[in-house]
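K.L.:
Sequence:
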Amino acid sequence: MAKKRAELAPLAAILAQRELELATLQVELREFEARYLRIVGVRYTKLDEIEAQIAETIAKLNPKDKDARKRAEQARSQAEESAQATESAVSAAEPTRKFAPSEALKKLYRDLAKLVRPDNRHYVRAAVAHDIAL
7 MAKKRAELAP
17 LAAILAQREL
27 ELATLQVELR
37 EFEARYLRIV
47 GVRYTKLDEI
57 EAQIAETIAK
67 LNPKDKDARK
77 RAEQARSQAE
87 ESAQATESAV
97 SAAEPTRKFA
107 PSEALKKLYR
117 DLAKLVRPDN
127 RHYVRAAVAH
137 DIAL
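If you're matching positions, the sequence shown starts at 7 in the working numbering and goes up one per residue.
I should point out that these hints are in silico values taken from the structure, not numbers from a laboratory. Because the structure is a prediction, the values reported are computed rather than measured. Heads up, a few of these hints could be off.
[Claimed, not checked] Distance windows between CB atoms, simulated:
{"hint": "1", "residue 1": "Asp117", "residue 2": "Leu28", "range": "38 to 46 Å"}
{"hint": "2", "residue 1": "Leu26", "residue 2": "Ser83", "range": "19 to 27 Å"}
{"hint": "3", "residue 1": "Arg41", "residue 2": "Arg11", "range": "56 to 64 Å"}
{"hint": "4", "residue 1": "Leu14", "residue 2": "Glu34", "range": "27 to 35 Å"}
{"hint": "5", "residue 1": "Arg44", "residue 2": "Met7", "range": "53 to 61 Å"}
Don't be surprised by glycine CBs; every beta carbon is placed ideally from N, CA and C.
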């Protein structure tokens, strides 16, 4: 059983590192999405507004053209949806900050790294003796 735990220890350390990397990437992705919406989303909102104004002008110039009116209504609806989505995304966006693991997470990782060091069997034996999950 001790041999299996010793084999599992390095894998547990790798898993802990990968989980930390995953958490960091998830935070970075959320920050990117918020930044994207603040920059690109606003521009798409402006573009949709301009397209709606163009479609409405075409519909006014051709009052008998039902298709032009329908396109103008659809363009206006799209512009309003874009404006609402961008507004909610921009207002909900938190100020961006670089993700930094908490001190508790860093300590946990360091403790785990100590436990799985192959050149220090004392920690592994102590972990096995205290039934600490490696």
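K.L.:
If a hint holds in the structure, say so; if it doesn't, say that too.
P.N.:
Going down the list of hints, with the structure as the test:
1. At about 20 Å, the beta-carbon gap between Asp117 and Leu28 misses the expected band of 38 to 46 Å.
2. Evaluation of the 19 to 27 Å hint for Leu26 and Ser83 yields a failure: the beta carbon distance comes to about 44 Å.
3. At roughly 44 Å, the beta carbons of Arg41 and Arg11 sit outside the given window of 56 to 64 Å.
4. About 30 Å separates the C-beta atoms of Leu14 and Glu34, a value consistent with the hinted range of 27 to 35 Å.
5. Range check, Arg44 to Met7: Cβ separation about 54 Å, and the 53 to 61 Å hint holds.
Hint compliance for this structure: hints 1, 2 and 3 are broken, all remaining hints hold.
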